[in-house]
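Go by the hints and put chain B onto chain A.
Here are the chains, one letter per residue:
Number of protein chains: 2
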Amino acid sequence: MRAARDAGLRIVEEFVRVGESPITDGTTHFIDQSTLERVASTVTPQPNIAVVEMPRLTDDLASLRRGNWWILVADRVADPGNLGTMVRSAVAAGASAVVTTSGSVDFYSPKVVRAAAGSLFAVPCVADVTLNDLAAAGWDLVGTSSHLQPGAVAYDEADLVSSCAVVMGNEAAGIDPQAPVTRWVTIPHQGPVESLNVAMASTVLCFEVARQRKHHRQQGLGK
Amino acid sequence: MRAARDAGLRIVEEFVRVGESPITDGTTHFIDQSTLERVASTVTPQPNIAVVEMPRLTDDLASLRRGNWWILVADRVADPGNLGTMVRSAVAAGASAVVTTSGSVDFYSPKVVRAAAGSLFAVPCVADVTLNDLAAAGWDLVGTSSHLQPGAVAYDEADLVSSCAVVMGNEAAGIDPQAPVTRWVTIPHQGPVESLNVAMASTVLCFEVARQRKHHRQQGLGK
Chain A
6 MRAARDAGLR IVEEFVRVGE SPITDGTTHF IDQSTLERVA STVTPQPNIA
56 VVEMPRLTDD LASLRRGNWW ILVADRVADP GNLGTMVRSA VAAGASAVVT
106 TSGSVDFYSP KVVRAAAGSL FAVPCVADVT LNDLAAAGWD LVGTSSHLQP
156 GAVAYDEADL VSSCAVVMGN EAAGIDPQAP VTRWVTIPHQ GPVESLNVAM
206 ASTVLCFEVA RQRKHHRQQG LGK
Chain B
6 MRAARDAGLR IVEEFVRVGE SPITDGTTHF IDQSTLERVA STVTPQPNIA
56 VVEMPRLTDD LASLRRGNWW ILVADRVADP GNLGTMVRSA VAAGASAVVT
106 TSGSVDFYSP KVVRAAAGSL FAVPCVADVT LNDLAAAGWD LVGTSSHLQP
156 GAVAYDEADL VSSCAVVMGN EAAGIDPQAP VTRWVTIPHQ GPVESLNVAM
206 ASTVLCFEVA RQRKHHRQQG LGK
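Protein chains in written order, with our numbering: chain A, 6 to 228; chain B, 6 to 228.
Next comes chain A alone, as it looks inside the complex (with noise of 0.2 Å):
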């Protein structure tokens, strides 16, 4: 609820386990600890609880691509804590934006908010988007595969400090192979494991970026 606040979203209205101290200065209700428990979905909610405005998503995918932004797209990713894990990292490795493609869980499905762990009001989320709508506006679209994909790449020797929209597939079919993907990346693994799940393969990709990111930045400066 701190980071909805911090972010600028507007609190409608909050409420307040009995005994402990509003987070707003709005409209506030005091509720005891059943009530409490009753209301929120967790077993053990936070003493703070509040009815956030949505934020506007952005639909406008050109106008992410300023300067060299890089974004995550989760194509039909249907677990929750999948995306809200997502999220997450990406806000973490400094993404500009998240993008979902229709067929992929809400952004605010409860689950979703919790595993994002706040980050989900730090960074503009998009959904319902296509990946044809990505490429339209321009995006470089590298998409991710556990699979052999021809001309794939190991994802630690594609440039990834262009500007480029790194994009996940959904837990079982992957990304469509009929999907307008400019190129192709694959992170190699050892050993009899089938694959890292979606939401750890894009962490692993997310920190990728940034690391790129931070080398050629660094080198720009001579160090």
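None of these hints come from the bench; they were simulated from the model.
Fair warning: there could be bad hints in the mix.
As the list claims (entries may be wrong) - Some chain A residues flagged as far from chain B (calculated, every beta-carbon gap over 10 Å):
{"#": "1", "residue": "S39"}
{"#": "2", "residue": "G72"}
{"#": "3", "residue": "T191"}
As the list claims (entries may be wrong) - Computed Cβ-Cβ distance ranges for the label pairs, DEER-style:
{"#": "4", "chain 1": "B", "residue 1": "V166", "chain 2": "A", "residue 2": "E25", "range": "48 to 58 Å"}
{"#": "5", "chain 1": "A", "residue 1": "A141", "chain 2": "B", "residue 2": "T187", "range": "48 to 58 Å"}
{"#": "6", "chain 1": "A", "residue 1": "Q223", "chain 2": "B", "residue 2": "V44", "range": "55 to 65 Å"}
{"#": "7", "chain 1": "B", "residue 1": "G86", "chain 2": "A", "residue 2": "E18", "range": "27 to 37 Å"}
{"#": "8", "chain 1": "B", "residue 1": "T135", "chain 2": "A", "residue 2": "G225", "range": "36 to 46 Å"}
{"#": "9", "chain 1": "A", "residue 1": "H220", "chain 2": "B", "residue 2": "E58", "range": "45 to 55 Å"}
{"#": "10", "chain 1": "A", "residue 1": "N137", "chain 2": "B", "residue 2": "R43", "range": "43 to 53 Å"}
{"#": "11", "chain 1": "A", "residue 1": "S167", "chain 2": "B", "residue 2": "P50", "range": "43 to 53 Å"}
None of these values were measured; they are calculated from a predicted model.
Ideal Cβ placement from N, Cα and C applies to all residues, glycine included.
Leaving out everything else, chain B in the frame of chain A:
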């Protein structure tokens, strides 16, 4: 279950849903769907389940330091989903072993087994060691911290090519600051996100070890 068999573990007894084929050629019992659902701990169980002999855990910590091996150490990691994910990414990144300290969740807790997705049988798992044991066995303990630890370096600027033990701490308390850590690394992150959770941070670290080692091998080959 296939992962357990492929790893050479002894399958004591197999239970197969009527109409499905056994995976092993040992003692097999056929059971109906409702019995399967009662026995298995998942909501939609696989049709083949088995009683598997627990692998003997190695306790010779020095023997794991052969050649240039690296290991992942979970120091009092309490959440089974986190430990399972950590094992999964450690195996995918090529770790030689995964070690837990006393106070960590059990490797064979059902939720750890499930989150590890078969990878638990692919590496030696060593439980109930102390960080002092590891230091005494000669391990270079690389502690990771989400806080500003004095002297911590960015994880991608640390040498992870030489033999080392990457140590991840408890979800709330981190690694004991008094622990015999050789050097501290941190994952720099942007945005207002508190920090990555321990499973995500561990995945980033493990794949950075793999990346540096691959890069090192390629340089050695003159590539």
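Results for each hint:
With a least beta-carbon separation of about 26 Å from chain B, A:S39 lies farther than 10 Å from that chain, consistent with its non-interface assignment. The Cβ of A:G72 sits about 15 Å from the closest Cβ of chain B, beyond the 10 Å cut-off, so the non-interface label holds. Every CB of chain B is more than 10 Å from the CB of A:T191 (nearest about 12 Å), matching its label as outside the interface. Between B:V166 and A:E25 the Cβ separation comes to about 50 Å, which falls inside the hinted range of 48 to 58 Å.
Checked against the hint of 48 to 58 Å, the C-beta distance between A:A141 and B:T187 comes to roughly 52 Å, which is consistent with it. Against the hinted window of 55 to 65 Å, the Cβ-Cβ separation of A:Q223 and B:V44 comes to about 56 Å, which satisfies the hint. The hint said 27 to 37 Å for the Cβ distance between B:G86 and A:E18, and at roughly 33 Å that hint holds. Checking the proposed 36 to 46 Å range against B:T135 and A:G225 shows it holds: the Cβ atoms sit about 45 Å from each other.
A hinted range of 45 to 55 Å holds for the C-beta pair A:H220 and B:E58, which are about 47 Å apart. For A:N137 and B:R43, the hinted distance range of 43 to 53 Å is satisfied, since their beta carbons lie about 47 Å from each other. Under the hint 43 to 53 Å, the C-beta atoms of A:S167 and B:P50, about 46 Å apart, fit the expected range.
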